[in-house]
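Trainee: If you want the building blocks of each chain, they are given just below.
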Amino acid sequence: EAQVTQNPRYLITVTGKKLTVTCSQNMNHEYMSWYRQDPGLGLRQIYYSMNVEVTDKGDVPEGYKVSRKEKRNFPLILESPSPNQTSLYFCASRGQDTYEQYFGPGTRLTVT
Amino acid sequence: GIQVEQSPPDLILQEGANSTLRCNFSDSVNNLQWFHQNPWGQLINLFYIPSGTKQNGRLSATTVATERYSLLYISSSQTTDSGVYFCAGGNYNQGGKLIFGQGTELSVKP
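From first to last, the protein sequence lines are chains A and B.
For the first sequence, the working numbering assigns the number 1 to the initial residue and increments by one for each residue that follows.
For the second sequence, the working numbering assigns the number 113 to the initial residue and increments by one for each residue that follows.
Treat the hints as calculated values from the structure; they're not laboratory data.
Glycine included, every Cβ here is placed at the ideal spot set by N, Cα and C.
Using C-beta positions, here's what the derived DEER-type ranges look like:
#1 Val14/A <-> Gln154/B: 23 to 33 Å
#2 Ser140/B <-> Asn51/A: 24 to 34 Å
#3 Thr192/B <-> Ile12/A: 25 to 35 Å
#4 Ser219/B <-> Asp38/A: 18 to 28 Å
#5 Lys71/A <-> Ser138/B: 30 to 40 Å
#6 Ser140/B <-> Gln96/A: 16 to 26 Å
#7 Thr15/A <-> Ile124/B: 35 to 45 Å
#8 Ser119/B <-> Asn84/A: 26 to 36 Å
#9 Ser80/A <-> Trp152/B: 25 to 35 Å
#10 Pro120/B <-> Thr15/A: 30 to 40 Å
#11 Ser188/B <-> Lys71/A: 37 to 47 Å
#12 Ser188/B <-> Glu53/A: 43 to 53 Å
List of simulated lysine to any residue pairs, SDA-like, C-alpha gap at most 25 Å:
#13 Lys69/A <-> Gly208/B
#14 Lys57/A <-> Asp139/B
#15 Lys57/A <-> Ser138/B
#16 Lys57/A <-> Leu19/A
#17 Lys71/A <-> Ser24/A
Partial selection, computed: residues in chain B whose CB lies under 8 Å from chain A:
#18 Asn143
#19 Tyr160
#20 Gly207
#21 Lys209
#22 Leu210
#23 Gln214
Extracted from the complex, chain A is given alone in its bound form (with noise of 0.2 Å):
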């Protein structure tokens, strides 16, 4: 079944301690992405990759960081979260041949 997978789907974790939230899909995409979505701000692009090695920013990429270092595979890593990335987080890829975007399941990331 063509997907995207996001692992872990539910994370409650402490101000400081670094975590990586893996993304994954199957379907030989090129683009992948991340969004962040907040009550009353909506789902916000945080970094994007065109493709391997190929990495920039999206509107909202502080305090977070990523890396493509094979296709299908994009995590978003935290090297020292705040409360402020309390949030839900979705991943999301695409094809080279179509602007249509398939997200992941979403995780939801607590930080205390």
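Dock chain B against the given chain A, drawing on the hints supplied.
Mentor: Just chain B now, kept in the frame of chain A:
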């Protein structure tokens, strides 16, 4: 940047009723999608519709790109249609980044 305005913000329907959700864009977009966010938070693709009209069962969508708006029609609504509906659009020159509207929260009562 592009701004996306959705209306209405909230909608309550009786099961079986029809509805129309609207999405206005402040600038031209090359790509446009409609999503349904279910109660579990998952974003479900409904339509990829930068222009024209598409139908999928009880749902259909129309985008008039020249006038910068899109409509989502839900016919014979069911309780499982409840949730938040988002439209999102963007331009090719931004790598296809999607700008999301604030959503329409739909509640279908039995």
